[in-house]
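> Single-letter residue listing:
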Amino acid sequence: MNPVANPPVATPFFFYGLAAIMIIGGVLVITRKNAVHSALALISTLLAQAGLYLMLYAPFVAGVQIILYAGGIMVLFLFVIMLINIDRSMKERQFNKQWLIGIVAAAMLGGLFISVYTKGKSLFPDGRLTFVESGNTQGIAGLLYDPHTGMYMFAFEIASLLLLVAIIGAVVMAKKRI
Amino acid sequence: MGEIVQYIQSYLGSDKTPGAAGNLFWEFVYIVAVFLGLSVAVIAMNWLERKILAHMQVRLGPMRVGPHGLLQPIADALKLLLKEDIMPAEADPFVFWMAPLIVVLAAFTVFVVVPFGPTHAITDMNIGILFMLGVSSLSVLGIVTAGWASNSHYPMMGALRSSAQMISYEVAMGLAVVSVILMTSLNDTGIGTLSMIGIVRAQQAQGVWFVFKFFPLGLVGFFIFAVAMVAETNRAPFDLPEAESELTAGFHTEYSGFRWSLFFLAEYSAMIAVSSIAVTLWLGGWLRPFPNLLNGPTWDLVFSLFPGVTFLFFAAICFYNTARMPKHPLFKIQTMGLAGFGVVLGLIGLALFIPPVRDRVGDIFWFCAKVAAFMYLYIWYRGTFPRYRFDQLMKVGWKVLLPISLAVLVLTAIAGFVEAPFKEWLSQVL
Numbered sequence: 001m002n003p004v005a006n007p008p009v010a011t012p013f014f015f016y017g018l019a020a021i022m023i024i025g026g027v028l029v030i031t032r033k034n035a036v037h038s039a040l041a042l043i044s045t046l047l048a049q050a051g052l053y054l055m056l057y058a059p060f061v062a063g064v065q066i067i068l069y070a071g072g073i074m075v076l077f078l079f080v081i082m083l084i085n086i087d088r089s090m091k092e093r094q095f096n097k098q099w100l101i102g103i104v105a106a107a108m109l110g111g112l113f114i115s116v117y118t119k120g121k122s123l124f125p126d127g128r129l130t131f132v133e134s135g136n137t138q139g140i141a142g143l144l145y146d147p148h149t150g151m152y153m154f155a156f157e158i159a160s161l162l163l164l165v166a167i168i169g170a171v172v173m174a175k176k177r178i
Numbered sequence: 001m002g003e004i005v006q007y008i009q010s011y012l013g014s015d016k017t018p019g020a021a022g023n024l025f026w027e028f029v030y031i032v033a034v035f036l037g038l039s040v041a042v043i044a045m046n047w048l049e050r051k052i053l054a055h056m057q058v059r060l061g062p063m064r065v066g067p068h069g070l071l072q073p074i075a076d077a078l079k080l081l082l083k084e085d086i087m088p089a090e091a092d093p094f095v096f097w098m099a100p101l102i103v104v105l106a107a108f109t110v111f112v113v114v115p116f117g118p119t120h121a122i123t124d125m126n127i128g129i130l131f132m133l134g135v136s137s138l139s140v141l142g143i144v145t146a147g148w149a150s151n152s153h154y155p156m157m158g159a160l161r162s163s164a165q166m167i168s169y170e171v172a173m174g175l176a177v178v179s180v181i182l183m184t185s186l187n188d189t190g191i192g193t194l195s196m197i198g199i200v201r202a203q204q205a206q207g208v209w210f211v212f213k214f215f216p217l218g219l220v221g222f223f224i225f226a227v228a229m230v231a232e233t234n235r236a237p238f239d240l241p242e243a244e245s246e247l248t249a250g251f252h253t254e255y256s257g258f259r260w261s262l263f264f265l266a267e268y269s270a271m272i273a274v275s276s277i278a279v280t281l282w283l284g285g286w287l288r289p290f291p292n293l294l295n296g297p298t299w300d301l302v303f304s305l306f307p308g309v310t311f312l313f314f315a316a317i318c319f320y321n322t323a324r325m326p327k328h329p330l331f332k333i334q335t336m337g338l339a340g341f342g343v344v345l346g347l348i349g350l351a352l353f354i355p356p357v358r359d360r361v362g363d364i365f366w367f368c369a370k371v372a373a374f375m376y377l378y379i380w381y382r383g384t385f386p387r388y389r390f391d392q393l394m395k396v397g398w399k400v401l402l403p404i405s406l407a408v409l410v411l412t413a414i415a416g417f418v419e420a421p422f423k424e425w426l427s428q429v430l
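Chains as they are written, first to last, in our numbering: chain B, 1 to 178; chain H, 1 to 430.
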């Protein structure tokens, strides 16, 4: 089944643009001294990532990415960052100069990238979870809950249980007297 | 040349939105039309809010600039553009510059999916309502960064308040929206939808606006959304982020001139955006009232005359007030201007009676009329309710609206399951 009804508009152009925004944003996140600037760079990275999801014909994931990460979690990040003293954090050392571990980690990540780039096609099955764009949300719901095709229900419920435990843990730790 | 004309004409018979049909020309036309319409609506709201609030408080409101202050918004806009643009010395320049842009972008982008009619939307997305909620939730980023970048106490307090408030009310709002999405799955096909046009079509298929579906459930969900949307847009009685008596002007205290007018523009277009979500989800979007009770060709004709009659009514008000203008020679230009405005409105009204125009604008008219009712409610709230205290606001959000919306969600799901068996049982008993 060909999921693409209309041919995509200038796909490589948008991909390189979004990827550039993500990389620049990611670099800015770790190089800016001011934590608020880092958070804003992270938001632009997350929004560009939502754009990449759109290009992969996953509009539902893109919408959830915007509503949860950019609109929800990052606002809480900013909320916390604004409460701490920026002036003191500006004077702190930004990098802890662990060159050896850094180089090893970077080399491993680079090796991973190169191996995926060279034999990426054989690693992934061809377009298994693609839905027509007009039925994307319904398709995801079918994969999660449908009695016949719902193969991810258990994983989904386990993940939500994990989140519930984390929420209860956060409340218990934050409150002195329950 | 011929190809271009053909490309433009190829869309005209289509029953899809320009975005879904992939016609770039009409997409552009619709984007410009929505943007212009929105700007005019914001200008009109500016004038109407001052006039209506004034009349509620037994004042006259703006009367000097133009007849009955009709040109006041234009004068205000000119003043704002000419005003000195001040930036606090210790402010963070880049973030200070970015913040109003984020708010305006978020407020205008959501109109991409607002369905003014079955084909009158810029585009129709499979994730329409999710897109609207997601993008409008980005505006809180602009407010928070505006408050922080000003490097001043009042804006900071306003920003903290607004982020806490908007995140809290987003939860109840989202759950109320989910209950509507559950209702869309109860049509013949049994598949729900997040698309804005799909939601209205589901109401059409089920023959009921969702505000009346599973009576009181739809109404309660609608009420929760109506409260949460006022809090989301930082309007009275939930205008704590910009509470004048406590925080001067809240997060936009340090903004002036053009940047401030961007915040103003964003606030009003966000109000229109959330009202159009409420209209689409609960009040049947572009559908005209009483489609089941008053049906048939005669009633269709009567309801299709409404847009023209409304404009003629506005024109009549203009002429009535032209006759009441003071007869002093100094008021001559104003009287002529008001009469001219009346003539323009009357001509628009007459144009709306032409059958092909009438058929195309009917749905847009009903959508805008419903949104306008919400806009009036916003002004009415502002004239009526005193401001909430912040702890009361949090209490209402988390301890009242959230549990009720959860209950509505669960009860809607149960009602959806038992509806068909119950009707079957009822038909057997009776």
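Please keep in mind that the hints were generated in silico from the structure rather than gathered at the bench. Please note that a few of the clues may not be correct.
[Unchecked claim] A few chain H residues that face chain B, going by a derived Cβ cut-off under 7 Å, partial list only:
1) Val144
2) Ser163
3) Leu345
4) Leu377
5) Trp380
Cβ atoms here follow ideal geometry from the backbone N, Cα and C, with glycine treated the same way.
> Next step is simple, just say for each hint if it's right about the structure.
Hints and how they fare:
{"no.": "1", "hint": "Val144", "in the structure": "holds (5 Å)"}
{"no.": "2", "hint": "Ser163", "in the structure": "holds (5 Å)"}
{"no.": "3", "hint": "Leu345", "in the structure": "violated (40 Å)"}
{"no.": "4", "hint": "Leu377", "in the structure": "violated (26 Å)"}
{"no.": "5", "hint": "Trp380", "in the structure": "violated (29 Å)"}
Going down the numbered hints, you'll see the structure goes against 3, 4 and 5, while the others check out.
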